[in-house]
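Protein chains: 2
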Amino acid sequence: TRFDVNPVTDDISRLSSLRQNIPKDYKIPVHYIPKEEAGMCWVQLNVYYLEDSLQDLAHKFGNISSNRRDISIFIQMLQELRLNMGSVELIMYDFECHYRKERWQTVRYFDFVKDFLIAAQNKEDSDD
Amino acid sequence: TRFDVNPVTDDISRLSSLRQNIPKDYKIPVHYIPKEEAGMCWVQLNVYYLEDSLQDLAHKFGNISSNRRDISIFIQMLQELRLNMGSVELIMYDFECHYRKERWQTVRYFDFVKDFLIAAQNKEDSDD
Ligand SMILES: [Ca+2]
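In order, the protein sequences belong to chains A and B.
Here the first sequence stands for residues 576 to 703, numbered as in our numbering.
Here the second sequence stands for residues 576 to 703, numbered as in our numbering.
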């Protein structure tokens, strides 16, 4: 899989420079379920809306933008991950009432993305 | 002067890529006097607070950030301009009640910076 080619540590370092290049007091909308409510299904339950929020974030930047380009790499990563996962619709429906809508400052948002990528990597490893 | 070495057109194109790399719905605080109230003194009246707002903006980014680096180039430009101008304190004091505090979205903010740089360039040319 893509994660085996590009180790997750490279992605984490790209994520860190992307984060530093967005104003720290910018508020990014999220739609998510916290770990303690999602348990083992945290990755499956959050992949769809995380990809969605990254898409919205990408569109806040112009066509000639390193931030937009970096975000699109993570979007592609999540898309591949989601396709490998099969349908997440049923489980999302089951957990419907657990979803929260918030706006997070840049650091918190990218900490979430980082946690997500690490959890997805661990999940893939244990699924192998 | 610095402006003669680096034509203002290069600065304008750097400004445009910087603008595209900041979220378009981000709000940037400004403290300014509009052209119609400042007349011939527009550049002198706005140089100080513009430099100040660029300093604040630079600090919204991390240490490893292309945006922060690009902003610091404009800060340096304004500092040199201001030093060449001599003291602006007295005229700022005279126009004190004309200053406005607002928060502008990225495009409007960088349009202001662009207008300012062009006006400063024209002023320098006519002062030569
Ligand atoms: Ca794997």
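Hints are supplied without guarantee of correctness; some may be wrong.
Copies of the same chain look alike in the list, so a pair counts if it works inside one copy or between any two.
With a cut-off of at most 27 Å between alpha-carbon atoms, the simulated DSS-like pairs for lysine-lysine come out as follows [unchecked claim]:
(1) K698 <-> K635
(2) K698 <-> K599
(3) K599 <-> K676
(4) K698 <-> K602
(5) K698 <-> K610
(6) K610 <-> K689
(7) K676 <-> K602
(8) K689 <-> K676
(9) K599 <-> K689
(10) K676 <-> K610
(11) K698 <-> K676
If you're looking for bench data, these hints aren't it; they were derived computationally from the structure.
Structure-based check of all given hints:
no.: 1; hint: K698 <-> K635; result: neither (31 Å within a copy, 35 Å between copies)
no.: 2; hint: K698 <-> K599; result: neither (30 Å within a copy, 36 Å between copies)
no.: 3; hint: K599 <-> K676; result: both (20 Å within a copy, 21 Å between copies)
no.: 4; hint: K698 <-> K602; result: neither (29 Å within a copy, 39 Å between copies)
no.: 5; hint: K698 <-> K610; result: within (14 Å within a copy, 59 Å between copies)
no.: 6; hint: K610 <-> K689; result: within (13 Å within a copy, 46 Å between copies)
no.: 7; hint: K676 <-> K602; result: both (12 Å within a copy, 22 Å between copies)
no.: 8; hint: K689 <-> K676; result: within (19 Å within a copy, 37 Å between copies)
no.: 9; hint: K599 <-> K689; result: both (16 Å within a copy, 24 Å between copies)
no.: 10; hint: K676 <-> K610; result: within (15 Å within a copy, 42 Å between copies)
no.: 11; hint: K698 <-> K676; result: within (25 Å within a copy, 50 Å between copies)
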